[in-house]
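Using the hints provided, position chain B relative to the given structure of chain A.
There are 2 protein chains.
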Amino acid sequence: MGIVFSDITVSADGFATGMNQREDAPFGDIDETWLHGWMFETADENRAEIDAIVDSGATIMGRNMFGPVRGEWDRPWTGWWGPDPPYHNAVFVLTHHPHEPIRMEGGTTFHFVTEGITAAFERARAEAGDRDISIAGGARTVNQFLAAGLLDELRLHVTPSILGAGERIFDGVPPQQLERVSVRAASLVTHITYRPVRGR
Amino acid sequence: MGIVFSDITVSADGFATGMNQREDAPFGDIDETWLHGWMFETADENRAEIDAIVDSGATIMGRNMFGPVRGEWDRPWTGWWGPDPPYHNAVFVLTHHPHEPIRMEGGTTFHFVTEGITAAFERARAEAGDRDISIAGGARTVNQFLAAGLLDELRLHVTPSILGAGERIFDGVPPQQLERVSVRAASLVTHITYRPVRGR
Numbered sequence: 003m004g005i006v007f008s009d010i011t012v013s014a015d016g017f018a019t020g021m022n023q024r025e026d027a028p029f030g031d032i033d034e035t036w037l038h039g040w041m042f043e044t045a046d047e048n049r050a051e052i053d054a055i056v057d058s059g060a061t062i063m064g065r066n067m068f069g070p071v072r073g074e075w076d077r078p079w080t081g082w083w084g085p086d087p088p089y090h091n092a093v094f095v096l097t098h099h100p101h102e103p104i105r106m107e108g109g110t111t112f113h114f115v116t117e118g119i120t121a122a123f124e125r126a127r128a129e130a131g132d133r134d135i136s137i138a139g140g141a142r143t144v145n146q147f148l149a150a151g152l153l154d155e156l157r158l159h160v161t162p163s164i165l166g167a168g169e170r171i172f173d174g175v176p177p178q179q180l181e182r183v184s185v186r187a188a189s190l191v192t193h194i195t196y197r198p199v200r201g202r
Numbered sequence: 003m004g005i006v007f008s009d010i011t012v013s014a015d016g017f018a019t020g021m022n023q024r025e026d027a028p029f030g031d032i033d034e035t036w037l038h039g040w041m042f043e044t045a046d047e048n049r050a051e052i053d054a055i056v057d058s059g060a061t062i063m064g065r066n067m068f069g070p071v072r073g074e075w076d077r078p079w080t081g082w083w084g085p086d087p088p089y090h091n092a093v094f095v096l097t098h099h100p101h102e103p104i105r106m107e108g109g110t111t112f113h114f115v116t117e118g119i120t121a122a123f124e125r126a127r128a129e130a131g132d133r134d135i136s137i138a139g140g141a142r143t144v145n146q147f148l149a150a151g152l153l154d155e156l157r158l159h160v161t162p163s164i165l166g167a168g169e170r171i172f173d174g175v176p177p178q179q180l181e182r183v184s185v186r187a188a189s190l191v192t193h194i195t196y197r198p199v200r201g202r
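First to last, the sequence lines map onto chains A and B.
For the first sequence, the numbering used here gives the first residue as 3, with consecutive numbering after it.
For the second sequence, the numbering used here gives the first residue as 3, with consecutive numbering after it.
FYI, nobody ran anything at the bench for these hints, they're computed from the structure.
Don't take each hint at face value.
Said to hold, decoys possible - Cβ pair distances, simulated, as ranges:
{"no.": "1", "chain 1": "A", "residue 1": "H38", "chain 2": "B", "residue 2": "A128", "range": "56 to 62 Å"}
{"no.": "2", "chain 1": "B", "residue 1": "N22", "chain 2": "A", "residue 2": "V56", "range": "40 to 46 Å"}
{"no.": "3", "chain 1": "B", "residue 1": "V56", "chain 2": "A", "residue 2": "E25", "range": "49 to 55 Å"}
{"no.": "4", "chain 1": "B", "residue 1": "H38", "chain 2": "A", "residue 2": "E43", "range": "33 to 39 Å"}
{"no.": "5", "chain 1": "A", "residue 1": "E25", "chain 2": "B", "residue 2": "W79", "range": "37 to 43 Å"}
{"no.": "6", "chain 1": "A", "residue 1": "V56", "chain 2": "B", "residue 2": "G174", "range": "34 to 40 Å"}
{"no.": "7", "chain 1": "A", "residue 1": "E102", "chain 2": "B", "residue 2": "V183", "range": "33 to 39 Å"}
Claimed, not checked - Covered stretches of chain A, going by a simulated chain B footprint (3 or more residues, C-beta under 8 Å):
{"no.": "8", "segment": "7 to 20"}
{"no.": "9", "segment": "159 to 166"}
{"no.": "10", "segment": "176 to 182"}
{"no.": "11", "segment": "190 to 197"}
All residues carry an ideal CB built from backbone N, CA and C; glycine is no exception.
So that you can see chain A by itself, here it is in the shape it has in the complex:
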């Protein structure tokens, strides 16, 4: 059986987004290159890490990672990623508001789960088969999975910046020791992989 992993890019102070996420600013009031410049400006140098992000049999994400629509689904929205999203598998979107599945090009289908993270996890597990499950974000969703003990591997991509506000990794996660599995320094980012230590 596969593992449950999450890749998330954070500032040195742990923020994965700024404040005020909206349609014309998916990451809110920040210069997004401070966080994600490493993926665009130095893609070749980080090819292995980038490819691993979407190497899963199923994906789970929070509603804010899926889009800027809040409350009822009062207008069409099919994600930030255009007609062919990079997931190419079943993506389970956590929301309080039911929505029909949305089938995209390239094998991505967005399913909307209103029963919480455990229900999303079970559906993703059934879908993924022997492959891994990716918890795609945002930070709040990753923190929920960490707090619930459902995450096997957290791959932090730490960028040299201070953001000062926004959604923060580890917020609300119970104190615990982690195992640091690997560290790799690239020119614009430090890749650090942690695993929760089970049974504590």
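Below, chain B alone, put in the same frame as chain A:
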């Protein structure tokens, strides 16, 4: 002229102490080995980083790093480090309450500065000559120097743990990009050195 550096050990979520610092728990309500085990259990492996911490011509620290006494100096206290502290130079302690200098063995003298970080910085600069100045901690003091643009190099020692509460590095520091100077992974800690990018 030397640089102004700070070494600080933090959890993966950025905390340098737990809550409720007190005399029998200098780092508050945490298992201190989660933070500082790397310095004691793997000292040989981290000899260069440990030696660099006290390789300065003068040192500045916050009052809580000096001791647990709060408010007026109502009882004798000469620091957490016994008769021969590891600094071997002039240590300027930031406080709102005046105190006579305390001369220890081995060349360490604690001076008490009531006029704020700039005054402490000027006295340390005069004392250090061509050598570096160390901002020894805690996190709140390091953050003040970072926010004031007075820190040249921040050496984070990141341990694989989630503490969830306490004094946090970067809190209150204005958003900015940093330069990541170096990364080294040791068995119990990840050493990451940042420099503020000037002129932004």
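These are the hints, each one checked on the structure:
Separated by about 44 Å at the C-beta atoms, A/H38 and B/A128 break the suggested range of 56 to 62 Å. Restraint check, B/N22 to A/V56: a C-beta distance of roughly 44 Å satisfies the suggested window 40 to 46 Å. With their beta carbons about 52 Å apart, B/V56 and A/E25 fall inside the hinted range of 49 to 55 Å. For B/H38 and A/E43, the hinted distance range of 33 to 39 Å is satisfied, since their beta carbons lie about 37 Å from each other.
Judged by the Cβ atoms, the range 37 to 43 Å given for A/E25 and B/W79 is violated: they are separated by roughly 57 Å. One distance hint, 34 to 40 Å for the beta-carbon pair A/V56 and B/G174, holds here, with the actual separation near 37 Å. Distance hint check: the CB atoms of A/E102 and B/V183 are about 51 Å apart, inconsistent with the given range 33 to 39 Å. Here the segment 7 to 20 of chain A counts 3 residues with a CB under 8 Å from a CB of chain B, which clears the bar of 3, and the coverage holds.
Counting residues of the segment 159 to 166 of chain A whose beta carbon lies closer than 8 Å to any beta carbon of chain B gives 6, which meets the minimum of three for the stated coverage. Coverage of a stretch by a chain is defined here by at least three residues with a beta carbon nearer than 8 Å to that chain's beta carbons; for the segment 176 to 182 of chain A and chain B the count is 7, and the condition holds. With 3 residues carrying a beta carbon less than 8 Å from a beta carbon of chain B, the segment 190 to 197 of chain A meets the three-residue requirement, and the given coverage holds.
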